[in-house]
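Once you have looked at the hints, place chains B, C and D on chain A.
Sequences listed follow chains A, B, C and D, in order. For the first sequence, the numbering used here assigns the number 30 to the initial residue and increments by one for each residue that follows. For the second sequence, the numbering used here assigns the number 30 to the initial residue and increments by one for each residue that follows. For the third sequence, the numbering used here assigns the number 30 to the initial residue and increments by one for each residue that follows. For the fourth sequence, the numbering used here assigns the number 30 to the initial residue and increments by one for each residue that follows.
A portion of the hints provided could be inaccurate.
Which copy is meant is left open, so a pair is good if it fits within one copy or across any two.
[Unchecked claim] 20 Å max Cα-Cα, derived SDA-like pairs, lysine to any residue:
| hint | residue 1 | residue 2 |
| --- | --- | --- |
| 1 | Lys77 | His127 |
| 2 | Lys77 | Glu158 |
| 3 | Lys148 | Ala76 |
| 4 | Lys77 | Ala165 |
| 5 | Lys148 | Gly49 |
| 6 | Lys77 | Arg39 |
Since the hints were made in silico from the structure, they are not lab data.
There are 4 protein chains.
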Amino acid sequence: MGNMYAAQVRVRYADTDAMGIAYHANYLVWFEVGRTEFMRARGVEYAKLEAAGFMLPVVEAQIHWRHPARYDDLIDIETSLAELTPARIRFAYRIRRHEDGQLLCEGSTLHGFVTREGKPVAMPRRAPELYRRLEALVGASV
Amino acid sequence: MGNMYAAQVRVRYADTDAMGIAYHANYLVWFEVGRTEFMRARGVEYAKLEAAGFMLPVVEAQIHWRHPARYDDLIDIETSLAELTPARIRFAYRIRRHEDGQLLCEGSTLHGFVTREGKPVAMPRRAPELYRRLEALVGASV
Amino acid sequence: MGNMYAAQVRVRYADTDAMGIAYHANYLVWFEVGRTEFMRARGVEYAKLEAAGFMLPVVEAQIHWRHPARYDDLIDIETSLAELTPARIRFAYRIRRHEDGQLLCEGSTLHGFVTREGKPVAMPRRAPELYRRLEALVGASV
Amino acid sequence: MGNMYAAQVRVRYADTDAMGIAYHANYLVWFEVGRTEFMRARGVEYAKLEAAGFMLPVVEAQIHWRHPARYDDLIDIETSLAELTPARIRFAYRIRRHEDGQLLCEGSTLHGFVTREGKPVAMPRRAPELYRRLEALVGASV
Numbered sequence: 030m031g032n033m034y035a036a037q038v039r040v041r042y043a044d045t046d047a048m049g050i051a052y053h054a055n056y057l058v059w060f061e062v063g064r065t066e067f068m069r070a071r072g073v074e075y076a077k078l079e080a081a082g083f084m085l086p087v088v089e090a091q092i093h094w095r096h097p098a099r100y101d102d103l104i105d106i107e108t109s110l111a112e113l114t115p116a117r118i119r120f121a122y123r124i125r126r127h128e129d130g131q132l133l134c135e136g137s138t139l140h141g142f143v144t145r146e147g148k149p150v151a152m153p154r155r156a157p158e159l160y161r162r163l164e165a166l167v168g169a170s171v
Numbered sequence: 030m031g032n033m034y035a036a037q038v039r040v041r042y043a044d045t046d047a048m049g050i051a052y053h054a055n056y057l058v059w060f061e062v063g064r065t066e067f068m069r070a071r072g073v074e075y076a077k078l079e080a081a082g083f084m085l086p087v088v089e090a091q092i093h094w095r096h097p098a099r100y101d102d103l104i105d106i107e108t109s110l111a112e113l114t115p116a117r118i119r120f121a122y123r124i125r126r127h128e129d130g131q132l133l134c135e136g137s138t139l140h141g142f143v144t145r146e147g148k149p150v151a152m153p154r155r156a157p158e159l160y161r162r163l164e165a166l167v168g169a170s171v
Numbered sequence: 030m031g032n033m034y035a036a037q038v039r040v041r042y043a044d045t046d047a048m049g050i051a052y053h054a055n056y057l058v059w060f061e062v063g064r065t066e067f068m069r070a071r072g073v074e075y076a077k078l079e080a081a082g083f084m085l086p087v088v089e090a091q092i093h094w095r096h097p098a099r100y101d102d103l104i105d106i107e108t109s110l111a112e113l114t115p116a117r118i119r120f121a122y123r124i125r126r127h128e129d130g131q132l133l134c135e136g137s138t139l140h141g142f143v144t145r146e147g148k149p150v151a152m153p154r155r156a157p158e159l160y161r162r163l164e165a166l167v168g169a170s171v
Numbered sequence: 030m031g032n033m034y035a036a037q038v039r040v041r042y043a044d045t046d047a048m049g050i051a052y053h054a055n056y057l058v059w060f061e062v063g064r065t066e067f068m069r070a071r072g073v074e075y076a077k078l079e080a081a082g083f084m085l086p087v088v089e090a091q092i093h094w095r096h097p098a099r100y101d102d103l104i105d106i107e108t109s110l111a112e113l114t115p116a117r118i119r120f121a122y123r124i125r126r127h128e129d130g131q132l133l134c135e136g137s138t139l140h141g142f143v144t145r146e147g148k149p150v151a152m153p154r155r156a157p158e159l160y161r162r163l164e165a166l167v168g169a170s171v
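So here's chain A without its partners, still in its complex pose:
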C-alpha cells in the first residue's frame, strides 16, 4: 500500500464481548479513527472540514471480518482514499494485528458531502482548494 503508516488503537476491555473477542461494531469506530488520522496526516483535519460547514456522514459500508482481535491487542488501521467524486468520497481500510501483521478486517465506507443541515453539496464548487487536496490523495494510503 505504498508509503506505509497506520493509525493504531489498542483493544479495550470495553471493546470486547462475551465471546472473548472485540465486538464487531467496534471496527466501524476504528475505521473512523483510520480516516481521521489519514486526513490529519495529509493536512485535511476533519474538525476543520466541519468548521468550514461540511459534514461527511457515512452512507454505505462493507466489512469483512477475517480474524478476531482480542483484549489488549495493539492493532494497525491502514486507510486509503479509494474514490472521490464531487458528491462522495470512499475510504478503504485494512486492520491488522500489530504483533504479527495478521489481517483481522477489511472494509470500506462511502460518505456524502453535506451541509450542516444535511443537504448534499458539490464539493469542488464550494471548496475547490480542499477538493484538489483530496484529489491528490486518491490511491494514497497512510
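Relative to the frame of chain A, chains B, C and D by itself:
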C-alpha cells in the same frame, strides 16, 4: 419505592465484555434510559426540554455494582427524582434482574440546568411551569 | 415482508453524535437486537445456541444508511433470515422510523457457525433438529 | 502528582453526543485506559493478571465532570493507585485537555479481586509477589 413501574432493557451482546458480563460503563447508559422514561411517564419529555432550550449535562455520578448482569438478561431500571434545586436535579437508580428481582446496581446522577451554550440557568425563573411539575415528582419513582 | 413484526429500540442520547444524529456504528448493534428477537420469536434463542456450544460470529456486513435517526426516535428493526447453508447464515435488516415508516437503513450480516474455540462446524451434522428449525425460517421475517 | 506521565486518548466522533460533547459514560472507558496503561507502565499488565486467573471487576465509582471534552480533543488521563487491601484496589483519575491542561473530569473506581468464577480472593495469599508489586505503587501515579 411507592408506585412501582420501571423501564426495561435487555442486555445485548454489544454490552458484554470478555468477563462474560455486562461492561460496567453500560450502567450509566441504562441510568439515562431510566431517567428518560421516568420523565416521559410523568409528561416531561427530555426531548421537549431540549427543544425549550435546556440541557441537563451530568456533573456527578456515584455507582455501586452489586451483581453482574449477563447476556440476554432482562433488567428493570427503577428511577426516582431524589433532589431538585433551581440549579440542579438528582436522579437515583436501582437496577434489578427482572427474573428474580436481584439487585445488580445502585447509583445516582446529578445534573445541572444549562442553556444550549452551556451556561447555568435558574430553572424556576426561566420555566416556572416546568419546574413546578418537576417539584411534584421529588421522591416519586417510576 | 410477509407476516410483519419488528423489534423496537428507542434512540438513546448515548447513541447520538455531534452531528445530532445516531452514530452509524449503532446500526450494527440494532441489527444484533433484530436477529436476536427474530430468533427468540421463532423459538431459537441465541443464548441457548451458545449453551449448546455454538457461536455465530459476524464475518461480513453490508450497510446502507438512507436517512438519519435522531434522539428519542422509536425505530422498528425488521429482520429476515435471508440465506442458510450448513456453514453459514445470513440475516437481512430494514430499520424504519416507527412514527412514519421512513426507511432509515438497510443491511445484512453473514455469520459462520463455529464452536466456542472458533472452529467452523457443520450445523446439520452437529445439531440436525436445530438446523431444520432454522431452515423453516428462511425467507420468513419477524 | 509526582512523576508525571499520562495515558492519552483522542475524542472520537463515536464518543460525542447530540450536545456536541463527549458522552459522559465514555469517561469510565477512559478510566479503564488509564489504569491499564498505569499498570502496564509499572510492569503489571492486566492481561497477565487475567492469565493468572484473577479479574478486577469494578464495584464502585465516583465521577465528577468539570468541563466537557469535545470532538478531536486530545486528552490526558492521569491515574494513581489510591488504595490497596488484600481484597480490593482503588484507582483515582484526573482527565485533562492536553492542549491547556484544563481539568475535565475527576473520579475513582474500586475493584475487587475475584477468580474467573467471580469468587473473592485474598490477593496476598494467592499471588504474594504480585501483591508486593502493587503495594509499591500505592500513591504513585503514571
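Hints, verified against the model:
For the homomeric pair Lys77 and His127, the shortest alpha-carbon distance between copies (19 Å) is at most 20 Å, but the shortest distance inside one copy (30 Å) is not. When the C-alpha separation of Lys77 and Glu158 is checked against a cutoff of 20 Å, the pair qualifies only within one copy, where the shortest distance is 13 Å, while the shortest distance between copies is 41 Å. When the C-alpha separation of Lys148 and Ala76 is checked against a cutoff of 20 Å, the pair qualifies only within one copy, where the shortest distance is 19 Å, while the shortest distance between copies is 24 Å. Within a single copy, Lys77 and Ala165 get their C-alpha atoms as close as 18 Å, which meets the 20 Å cut-off; across copies the closest is 45 Å, which misses it.
In this assembly of identical chains, Lys148 and Gly49 lie within 20 Å of each other by CA distance solely across copies; the values are 14 Å between and 42 Å within a copy. Proximity of Lys77 to Arg39 under the C-alpha cut-off of 20 Å is restricted to the inter-copy arrangement: shortest distance 16 Å between copies versus 26 Å within a copy.
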